[in-house]
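A.B. asks: One letter stands for each residue in the lines below.
Number of protein chains: 2
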Amino acid sequence: MANVSAYATQNKNADLKPFDIERREVKDDDVQIEIEYCGVCHSDIHVARNDWGNTEYPVVPGHEIVGRVTEVGSNVAHFNEGDLVGVGCMVDSCQTCASCKEDLEQYCENGAVMTYNGPDEHLGGHTFGGYSERMVVDKEFVLNIPENIDTKAAAPLLCAGITTWSPLSHWNVGKGDKVGIIGLGGLGHMGVKFADALGAEVVMITRSPEKADDAKRLGADDVLISTDDEQIKEHTGSFDFLLNTIPVGHDMNPYVKLLRRDGTMVLVGAIELLDKLHGGGLIMGRKRIAGSVIGGIKETQEMLDFCGEHNITCDVEMIDIQNINEAYERVVNADVKYRFVIDMKSLKS
Amino acid sequence: MANVSAYATQNKNADLKPFDIERREVKDDDVQIEIEYCGVCHSDIHVARNDWGNTEYPVVPGHEIVGRVTEVGSNVAHFNEGDLVGVGCMVDSCQTCASCKEDLEQYCENGAVMTYNGPDEHLGGHTFGGYSERMVVDKEFVLNIPENIDTKAAAPLLCAGITTWSPLSHWNVGKGDKVGIIGLGGLGHMGVKFADALGAEVVMITRSPEKADDAKRLGADDVLISTDDEQIKEHTGSFDFLLNTIPVGHDMNPYVKLLRRDGTMVLVGAIELLDKLHGGGLIMGRKRIAGSVIGGIKETQEMLDFCGEHNITCDVEMIDIQNINEAYERVVNADVKYRFVIDMKSLKS
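One line per chain: the protein sequences are A and B, in this order. Under my numbering, read the first sequence as residues 1467 to 1815, first letter to last. Under my numbering, read the second sequence as residues 1467 to 1815, first letter to last.
Simulated from the structure, these hints should not be mistaken for laboratory data. Certain hints may be false.
The list treats identical chains as one, so a pair stands whether inside a single copy or across any two.
Claimed, not checked - Derived DMTMM-like pairs (lysine to aspartate or glutamate); straight-line CA-CA distance at most 25 Å:
1. Lys-1723 to Glu-1568
2. Lys-1742 to Asp-1517
3. Lys-1567 to Asp-1643
4. Lys-1699 to Asp-1679
5. Lys-1814 to Glu-1792
Build out the structure end to end from the sequences listed, making use of the hints.
C.D. replies: Rendered as structure tokens:
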């Protein structure tokens, strides 16, 4: 069977380089996609560099994938050749557990299969992601991308988009709510756009005063500099909802103070140990801290449809695949507004 | 004006001793109560000993108060002389803020007045609690105690009871839920009774194997010894709701693991810094940690009515006021099953 061109790394100290992976045959339930664009998520770097200690090499990263359908299996009714489609962080799940039956495949009790570095149920070994010319995916994990939005800027919706959309949707954020988005990066900039489009009063909460103008351009009504005690005091007890996108361990106590009674802060970034939390901060206002990871397939389609209706995409900087290693360095240094997207045509050059 | 006999301490190093406090006149909205029983809450000790650094001396502790109405003001329609009534942790609130209007006086945005050591709006100075022969309280903060339950064992319902009832009620715990009560003390033993009476499957979670029999007697279906890794593993991801009554800082991570997807753990005890929490524990299962403090007056009455219907009271050990200092030592050493109640007749002996 012919191989597929991809970009991969063989070990945690090596750069990403051209690589051939085995081609997966298109079975009855499968959709084959020619990849046009793939976003660069910080997780790509964590896995490529084995930061989480569970990487299997070679790694082909990439889970913000947009492309065109080139072939479908005999059981595939909802996709046709030429359709503009997307693939996000998952490519399989058991489809039988309580979470899957509730359209929450991201919480599959038997473990959803991640788009890369997951246990491949079809070829054995592990899955390969979207830094690749094409991929074959089970139809249940393929999304329709609205044709009216900028295709290349749609790619990061599949991870950065759904990760911020899901908690805003789950907690019914909307008109009348004062919402704080903590941290202005790949996730945070989508949080601002979505919360604004949902009709909430949106405050960007950041340590960096120089981000204020951009936050307002993205849809924030106000900016709160979290290192300014006076500003924190002014907003104390006023937020209905906080979306906390900080990707590392941090002190949550100042943010808990910002919540009003019965307010909720949802963590989507910090898969790490957080600093000591004061129990009184939650107890004295019946406040809540929750977590949320990506979103289910049904919810992801709802998010994409919403983006089509409201013309929402990500702010992206385009790169060729040959510049991926430099892009990784810039992501690590938070030097991108707000997501790199690889033009996969460059793979053929 | 005549004084009222009470038991108080003048400073944090002194024992509680007989003391006279000024008598509050019965105004139009007031109810005068002859106190029959008063529970001993750990907070009494914290305040008497200035553990929280905000004590004003002399302190008359006590906020689990049951007695008979002896006089009512001209605006008091719902209470009559001879009624069996209770007073809990609060004796005043603004009655005008959003929280008060939602019957959540415990979250009064202008600060509810605590039953002792709070700013007294009527006499100036600070409020005096229930280790006393009588008290005068605004009618809005007086509760009806069902006549059919054991009066002396009803006193701790006013704090230990409502503190555990409120989160179980707010989060709609009931039939079909697997509920864990963490910690078997004054709060935990009421958590077990309420969760059982609400129809939940109840698991007592404790470090102490010797508490297993008593937990089952109180209504627990099962007991999970939290220091036993095998037992923790067996119950991982299975709880809909955890009521965490641990009164000090601790490691919440093992308990978060016990929650199922979308499960909630509510803290009611630890008004302290907690150990470092792992963000991934919440994120990977959309889990929630919340806080809760006592309950509103309406909710407290609902709890008392429920206790009347289900004949629920606290497990108490009766003491005379003269033994209060010894009782304090035993509370500090967790040597009481599960609440001391002072027979206030002893004040006159």
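A.B. asks: Hint numbers the structure violates, sorted upward?
C.D. replies: none
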